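*Asks:* Can you build the whole structure from these sequences, using the hints too?
In the order they appear, the protein sequences are chains A and B.
So in UniProt numbering, spot 47 of the first sequence is number 47, and the numbers just go up one at a time.
So in UniProt numbering, spot 82 of the second sequence is number 82, and the numbers just go up one at a time.
By construction, these hints were calculated from the structure, which means they are not laboratory data.
There's no promise every hint is true.
[Said to hold, decoys possible] Computed list of chain B residues with no C-beta within reach of chain A, every gap over 12 Å:
1) Arg8
2) Ser11
3) Arg76
4) Glu79
5) Gly94
6) Phe96
7) Arg97
8) Asp132
9) Ala136
10) Glu150
11) Gly156
12) Pro158
13) Gln161
[Said to hold, decoys possible] If the Cβ cut is set under 8 Å, some of the chain B residues that face chain A in the computed set are:
14) Ser21
15) Leu37
16) Tyr47
17) Gly89
18) Glu168
Only a predicted model underlies this, so the values are computations on that prediction, with no experimental measurement involved.
Just so it is clear, CB atoms sit at the ideal spot from N, CA and C, and this is done for glycine as well.
Protein chains: 2
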Amino acid sequence: MVLTYSFRDPSLAALALTHRSAGKPNNERMEFLGDALLGAIVAEMLYETHPKATEGEMSRLRAQLVNGQALASMARELELGEQLKLGSGELKSGGFRRDSILADAFEALVAAVYLDGGFDACRQTVRTLFADRVAALPRSSKDAKTRLQEWLQAQGWPLPQYDLVATEGEEHARTFEVSCMIGEPVSVTASGRGSSRRLAEQDAAELVLTRLAVAQEGH
Amino acid sequence: MVLTYSFRDPSLAALALTHRSAGKPNNERMEFLGDALLGAIVAEMLYETHPKATEGEMSRLRAQLVNGQALASMARELELGEQLKLGSGELKSGGFRRDSILADAFEALVAAVYLDGGFDACRQTVRTLFADRVAALPRSSKDAKTRLQEWLQAQGWPLPQYDLVATEGEEHARTFEVSCMIGEPVSVTASGRGSSRRLAEQDAAELVLTRLAVAQEGH
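*Replies:* Below, the structure written as structure tokens:
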């Protein structure tokens, strides 16, 4: 894997590869910007490639692609470790091999491309870097109830309970509201809506999956 | 406040204002994309307007600007509530006034501008919408030790303890490493670096602030 971008201002690339242990200025501020850009560009890729995925599914897929470990491994493929500027302490302790330092440099480099060449250049660079990984994602995902069930079983947690809460509207345009509840060891309830009971259950399961994902990220 | 963008394809704007209670298609997928774009565009504004802010400070400033309540209030200024398409249940229960529904519509609208007009149009629209709010942010922020102390006092928590952990390097280019520890009721320790003990303490305090902010978001 190579970076398909040539910097007009190489000092931006150098700054992106300067870790805070080397003093100031360093890549910390760029990392903030790069993280946000990466999130948006990968979000758009998933929006395009997964037209039927829900918000929750896209959010989980993005977390698979954009996390410290994944970005560190991309940084290694780009051989960023060898180019990092580190303070003497981090140098001695092998900081150029640390996931967090590599992932931060990768994010900062994305910001550097944006600052040097603008959004289109940054978007094209990120899309090229992530193309294979996005293409390798599962396409037709399982339905939300199945995914929730499999996830709960993998944790060894009890299965969810679905209850019809309400039906609304005329006979020919009825809306069903169903709650999905898991009680232990974490209590999460969500209610979903749909034009059939089955669709409302899927909707509720999807919401519970999203909340479980959010709760996990918090840990 | 008005939206300074005219849609070429008004159906994208209409979709952005269609809540899931009205059935499918709705604005949920667009909200995912809009949230990410908003994060990146506001990150860039802060990167430009706060050249001395650390990553942690920019992250906190962005959370002040981009959160459910703030976006809902912007949605109200744009009178999005009146234009929302809601299912009958949400209509009856006044869903057009709910913060979460309004904030989601605002985010979806940002994505709709992107899909309709491209990144530059979206960026310009968001920058115009946020200009006053960004300008109103505190400029010269207090140093990290002061902010950490004030934050801990506001919670009624004990003050942090700073300890010199190590010094590295030659006399004329020494690096100090200082740990900052809070013990109760939450235990957080971080170590910071700097060319003086004072700078290393600031750095450590900043890291503790960032971790406290992350822990808070998880709740």
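*Asks:* A separate judgement is required for each hint: does it hold in the structure or not?
*Replies:* A quick look at each hint next to the structure:
1. Arg8: Holds, because the least Cβ-Cβ distance between Arg8 (chain B) and chain A comes to about 19 Å, which exceeds 12 Å.
2. Ser11: holds, 16 Å
3. Arg76: holds, 23 Å
4. Glu79: Consistent with the label, Glu79 (chain B) stays out of reach of chain A, its closest Cβ about 25 Å off (over 12 Å).
5. Gly94: holds, 15 Å
6. Phe96: At about 16 Å from chain A, Phe96 (chain B) clears the 12 Å cut-off, so the statement holds.
7. Arg97: holds, 19 Å
8. Asp132: Label holds. Min Cβ-Cβ 21 Å, cutoff 12 Å.
9. Ala136: The claim stands: Ala136 (chain B) keeps its Cβ more than 12 Å from every Cβ of chain A (closest is about 21 Å).
10. Glu150: holds, 23 Å
11. Gly156: holds, 23 Å
12. Pro158: holds, 24 Å
13. Gln161: holds, 22 Å
14. Ser21: With a minimum Cβ separation of about 6 Å from chain A (threshold 8 Å), the hint on Ser21 (chain B) holds.
15. Leu37: holds, 5 Å
16. Tyr47: Check passed: Cβ of Tyr47 (chain B) comes within 5 Å of chain A, closer than 8 Å.
17. Gly89: This hint holds: Gly89 (chain B) lies near chain A, its Cβ roughly 5 Å from the closest one there, short of 8 Å.
18. Glu168: Cβ of Glu168 (chain B) sits 5 Å from chain A, so the hint holds.
The earlier numbered hints are all upheld by this structure, with none contradicted.
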